[in-house]
Amino acid sequence: MPVESIFHRLEALLPKVQKPIQYVGGELNSTVKDWDSADVRWALMYPDAYEVGLPNQGVAILYEILNELPGTLAERTYAVWPDLEELMRAEGVPQFTVDAHRPVRAFDVLGVSFSTELGYTNLLTALDLAGIPLLAADRGEDDPIVLAGGHAAFNPEPIADFLDAAVLGDGEQISIAISEVIREWKGEGSPGGRDELLMRLAESGGVYVPRFYDVEYHPDGRIKRVAPNRADVPWRVHKHTVMDLDEWPYPKKPLVPLAETVHERFSVEIFRGCTRGCRFCQAGMITRPVRERSITTIGAMVENGIKESGFNEVGLLSLSSADHSEIGEVAKGLADRYEGTNTSLSLPSTRVDAFNIDLANEFSRNGRRSGLTFAPEGGSERMRKVINKMVTEEDLIRTVTTAYSQGWRQVKLYFMCGLPTEQDEDVLGIADLAKKVIQAGREATGSRDIRCTVSIGGFVPKPHTPFQWAGQADHETVDRRLKQLRDSLRGDKNYGRAIGFRYHDGKPSIVEGLLSRGDRRVGAVIRAVWEDGGRFDGWSEHFSYERWMAAAEKAGVDVDWYTTREREENEVLPWDHLDAGLDREWLWQDWQEAVSGGEVEDCRWTPCYDCGVCPTMGTEIQIGPTGRKLLPLTVV
Amino acid sequence: MRYAKRGRLRFTSHRDISRAVERAVRRAGIPVAYSAGFSPHPKISYAGAAPTGVASEAEYLEIGVTTPCDPAQVRQSLDESLPSGLDVLDVVEAGQGGLADRLEVSDWEVRLPGADRELAEVAVEKFLAEGTVEVERLTKKGPRRFDARQAVLGLRVSEGADRIAAQVQGEPCVILRMVVRHMTPAVRPDDVLTGLRLVADFAPPVPPEVTRLAQGPLDASTGALADPLDLDRDTTRGGEAGPAGEHVAG
Numbered sequence: 001m002p003v004e005s006i007f008h009r010l011e012a013l014l015p016k017v018q019k020p021i022q023y024v025g026g027e028l029n030s031t032v033k034d035w036d037s038a039d040v041r042w043a044l045m046y047p048d049a050y051e052v053g054l055p056n057q058g059v060a061i062l063y064e065i066l067n068e069l070p071g072t073l074a075e076r077t078y079a080v081w082p083d084l085e086e087l088m089r090a091e092g093v094p095q096f097t098v099d100a101h102r103p104v105r106a107f108d109v110l111g112v113s114f115s116t117e118l119g120y121t122n123l124l125t126a127l128d129l130a131g132i133p134l135l136a137a138d139r140g141e142d143d144p145i146v147l148a149g150g151h152a153a154f155n156p157e158p159i160a161d162f163l164d165a166a167v168l169g170d171g172e173q174i175s176i177a178i179s180e181v182i183r184e185w186k187g188e189g190s191p192g193g194r195d196e197l198l199m200r201l202a203e204s205g206g207v208y209v210p211r212f213y214d215v216e217y218h219p220d221g222r223i224k225r226v227a228p229n230r231a232d233v234p235w236r237v238h239k240h241t242v243m244d245l246d247e248w249p250y251p252k253k254p255l256v257p258l259a260e261t262v263h264e265r266f267s268v269e270i271f272r273g274c275t276r277g278c279r280f281c282q283a284g285m286i287t288r289p290v291r292e293r294s295i296t297t298i299g300a301m302v303e304n305g306i307k308e309s310g311f312n313e314v315g316l317l318s319l320s321s322a323d324h325s326e327i328g329e330v331a332k333g334l335a336d337r338y339e340g341t342n343t344s345l346s347l348p349s350t351r352v353d354a355f356n357i358d359l360a361n362e363f364s365r366n367g368r369r370s371g372l373t374f375a376p377e378g379g380s381e382r383m384r385k386v387i388n389k390m391v392t393e394e395d396l397i398r399t400v401t402t403a404y405s406q407g408w409r410q411v412k413l414y415f416m417c418g419l420p421t422e423q424d425e426d427v428l429g430i431a432d433l434a435k436k437v438i439q440a441g442r443e444a445t446g447s448r449d450i451r452c453t454v455s456i457g458g459f460v461p462k463p464h465t466p467f468q469w470a471g472q473a474d475h476e477t478v479d480r481r482l483k484q485l486r487d488s489l490r491g492d493k494n495y496g497r498a499i500g501f502r503y504h505d506g507k508p509s510i511v512e513g514l515l516s517r518g519d520r521r522v523g524a525v526i527r528a529v530w531e532d533g534g535r536f537d538g539w540s541e542h543f544s545y546e547r548w549m550a551a552a553e554k555a556g557v558d559v560d561w562y563t564t565r566e567r568e569e570n571e572v573l574p575w576d577h578l579d580a581g582l583d584r585e586w587l588w589q590d591w592q593e594a595v596s597g598g599e600v601e602d603c604r605w606t607p608c609y610d611c612g613v614c615p616t617m618g619t620e621i622q623i624g625p626t627g628r629k630l631l632p633l634t635v636v
Numbered sequence: 001m002r003y004a005k006r007g008r009l010r011f012t013s014h015r016d017i018s019r020a021v022e023r024a025v026r027r028a029g030i031p032v033a034y035s036a037g038f039s040p041h042p043k044i045s046y047a048g049a050a051p052t053g054v055a056s057e058a059e060y061l062e063i064g065v066t067t068p069c070d071p072a073q074v075r076q077s078l079d080e081s082l083p084s085g086l087d088v089l090d091v092v093e094a095g096q097g098g099l100a101d102r103l104e105v106s107d108w109e110v111r112l113p114g115a116d117r118e119l120a121e122v123a124v125e126k127f128l129a130e131g132t133v134e135v136e137r138l139t140k141k142g143p144r145r146f147d148a149r150q151a152v153l154g155l156r157v158s159e160g161a162d163r164i165a166a167q168v169q170g171e172p173c174v175i176l177r178m179v180v181r182h183m184t185p186a187v188r189p190d191d192v193l194t195g196l197r198l199v200a201d202f203a204p205p206v207p208p209e210v211t212r213l214a215q216g217p218l219d220a221s222t223g224a225l226a227d228p229l230d231l232d233r234d235t236t237r238g239g240e241a242g243p244a245g246e247h248v249a250g
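As they're listed, the protein sequences go chains A and B. Note that the UniProt record's numbering has the first sequence beginning at 1, numbered continuously upward. Note that the UniProt record's numbering has the second sequence beginning at 1, numbered continuously upward.
Just chain A, with the same shape it has in the complex:
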């Protein structure tokens, strides 16, 4: 039966809302398939505003892959702003997809990509607007399977009650596999209803279905065990890893929005995974091993992406882009190819060393020469050892001196506050470092026109990292240290005006910490916050710490117990039944070494340090150099 577009009903509301263009779809390279041509239909959601969600690579890749799959269609949906939400409620307009404006409830799957936990309340808004019961247990045969993915899905326990399923890791292959399971089940006439479909997904071992697992607690609140409540459901659910990225050169047809978005560029993921072993970094831990895309595939993807999109900026993405084995060749080759075309290249996430200045110089040949960003993360040598970010002060000063002497005038330094074992002097060390950076820049250039911006984020311990056992610093401590740092920077007559200082207060980190390491009992807090009007928690103008604390109290959840409490080695963690491949003993040892100052080298260039991922997952590091060159540009 055809599903009708709700666009005419939405259209009457659009003149009354901010930035209506974000709701109308019609982006270049977007796809609208005939509803009846498909028997498996996905609504893909990024649970934030369109301007943040549209550039998201994960959703874009799955959208393309699923639409290429015969008999399958995928459309996109995003969180609507409160102004439209209010009008939709008043007029009874349901949550819709932006492609064909079909109601989300009509799809087979609502796949939600969580980059951050702060999108949880937006999930509830979307479910409610869609007319889908909030609790998975209340859903019926006509409701979609609500499926979570993305990095936050590595601990989906706080939203377990709202989810039918979750998937860990790379989505390319598992989204196809899920489509085939659904197709087969529907082809058989949907035997056994929703329950059987979820069983079929759970039995495969690649999909986590929270309802098939029971959580038991000790009297003191700690988890006693998490166990399957049905036969044939595996004890642990494993993450997915795509090997050989050259076989998955997506996006091939990049979505080009009409509305303004946070990243106006064509992005190519030049490798996936990171083995540097920074202990705070969840992304680095859960995306192992390193898998490089080859220089030739990168070149072909950039050429195709620019042609298909018309973007004038290309981003080469990864967790540490300068670590690609042939990044020098890639940079020079692309800079040569796009010389004189007003195409700028950017390389986010680079490490602190002089080699990066060469790369930055290449990249700025054809476009804007903006600032350079480095992330020492910790203000003192001791702190950087604890987090295994092996950057010495000499490295940093040498690197920025090179940058300033080669014409860069603005350097941004990124740090964290609230790291394990941190003392006041570790944070105050950031001020010393920034002053030395300015001093070095002035000496190298003979000019006082040197600027440095210090940007500070609050540290949040994350699941599947060595810091998953750590006690999070309370927000009073973080705020006190940040204030001391600010006073130290601003009070300095010689350097104060050359140093910019950006930070957030420590309260949002506490909520993020609650959601990151929470268990199923935290779901009641999320729901209470949402019912109290909580929306868009990633936006400071919408976020309310007081609302979260009031909701936690109402739900009987002790926030400190989840955040600032340090865990013992043997405590069952809420995500222990979800397998990111990391060996738990190795993580614990690394946590102990963090406290005692031990370091871990990158296994790309030094022997394996037994994190456990490759043997558990049957994967291996895939890196170059291939020795190949960028292919010459084909004549248009």
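Do not take every clue at face value.
What the hints assert, rightly or not - Quick list of in silico lysine-lysine cross-link-like pairs, DSS-like style, CA-CA up to 30 angstroms:
1. A/Lys483 to A/Lys385
2. B/Lys126 to B/Lys43
3. B/Lys141 to A/Lys307
4. A/Lys224 to A/Lys252
5. B/Lys126 to A/Lys19
6. A/Lys16 to B/Lys126
7. A/Lys332 to A/Lys385
8. A/Lys483 to A/Lys493
9. B/Lys140 to A/Lys33
10. A/Lys385 to A/Lys412
11. B/Lys141 to A/Lys332
12. A/Lys19 to B/Lys141
13. A/Lys224 to A/Lys253
14. B/Lys140 to A/Lys16
15. A/Lys19 to A/Lys252
16. A/Lys629 to A/Lys332
17. A/Lys253 to A/Lys629
18. A/Lys493 to A/Lys554
19. A/Lys385 to A/Lys19
20. A/Lys253 to B/Lys43
21. A/Lys224 to A/Lys307
22. B/Lys43 to A/Lys16
No lab work stands behind these hints: they were computed from the structure.
Use these hints to put chain B onto chain A, whose structure you have.
Just chain B now, with coordinates in the frame of chain A:
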């Protein structure tokens, strides 16, 4: 160049359109000229863009190119590169004189679903009978009061209702046509609607759907709206003529 913004693309803002055009120019391989300086940007200038939410059959822009181009070819390749709904209608090689200066008046169509036709006619009559109609609009600089009457050269209730996007089928739809002179501050169709409410308490039940049908110089002898590109067409070759006021179904 004359282009249209149609259907759901009427919700694009001026900034949205300029980004879309810049990208389309790149995809289409048009040899666009860039400004010099630290941050070069393509030389594309826009004349009097219709507000966000307002459709148009007659928007104008100029593109600076580094080498001569065939206007018909530019029209076709740019139209193909733009999203459907931003449609390139007419391209000529620019001659002498600024394009913006020629855009003296606009012909607007304002569709009012669910409005009462008789009340609309009374309101139009009252409005035209006034010498001045002071209205207030919230601008970026705060509320501003100005006369909405003097700029209105023509205003009538029009015949022929076909489908309006947001309209429930079977509901009546009143259509206003107005020819408005471009002034400072600009008098927009919604200012005229405000005027109708002030003089005759005429208030349509849902937001209006507004379309600019044409803009250009006013022919003093006939009082009709002329095609602003005709001046270039007289001196150059290659433009495809089309009546500026023609309403192309989108």
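Query raised in the report: Is the Cα-Cα distance between A/Lys385 and A/Lys412 30 angstroms or less?
Result: Status holds; Cα separation ~21 angstroms.
Query raised in the report: Is A/Lys253 within 30 angstroms of A/Lys629, Cα to Cα?
Result: Holds - the C-alpha atoms of A/Lys629 and A/Lys253 are around 24 angstroms apart, at most 30 angstroms.
Requested in this report: Mind checking the alpha carbons of A/Lys224 and A/Lys307 for me, to see if they're no more than 30 angstroms apart?
Outcome: Distance ~56 angstroms between A/Lys224 and A/Lys307 Cα, so the pair is violated.
Query raised in the report: Does the alpha-carbon distance linking B/Lys141 and A/Lys332 stay inside the 30 angstroms limit?
Result: 49 angstroms, violated
Report task. Could you grab the alpha-carbon distance between A/Lys224 and A/Lys253 and see if it respects the 30 angstroms cut-off? Result -> 48 angstroms, violated
Query raised in the report: Going straight from one Cα to the other, do B/Lys140 and A/Lys16 come out at no more than 30 angstroms?
Result: Given that 30 angstroms is the threshold and the Cα spacing comes to 17 angstroms, the pair holds.
Report task. Take a quick look at whether B/Lys141 and A/Lys307 sit within 30 angstroms of each other, Cα to Cα. Result -> It is violated: about 41 angstroms lies between the C-alpha atoms, which goes past 30 angstroms.
Requested in this report: Take a quick look at whether A/Lys16 and B/Lys126 sit within 30 angstroms of each other, Cα to Cα.
Outcome: 28 angstroms, holds
**Report entry** Satisfaction of hint between A/Lys493 and A/Lys483, Cα-Cα up to 30 angstroms
**Finding:** 18 angstroms, holds
Query raised in the report: Holds or violated: are the alpha carbons of A/Lys19 and A/Lys252 at most 30 angstroms from each other?
Result: 28 angstroms, holds
Query raised in the report: Taking 30 angstroms as the top limit, are the C-alpha atoms of B/Lys126 and A/Lys19 close enough?
Result: Status violated; Cα separation ~35 angstroms.
**Report entry** Holds or violated: A/Lys19 to B/Lys141, with C-alpha atoms at most 30 angstroms apart
**Finding:** OK: A/Lys19 and B/Lys141 at ~20 angstroms, within 30 angstroms.
Comparing the model with each numbered hint stated earlier shows that hints 2, 3, 4, 5, 7, 9, 11, 13, 18, 19, 21, 22 do not hold.
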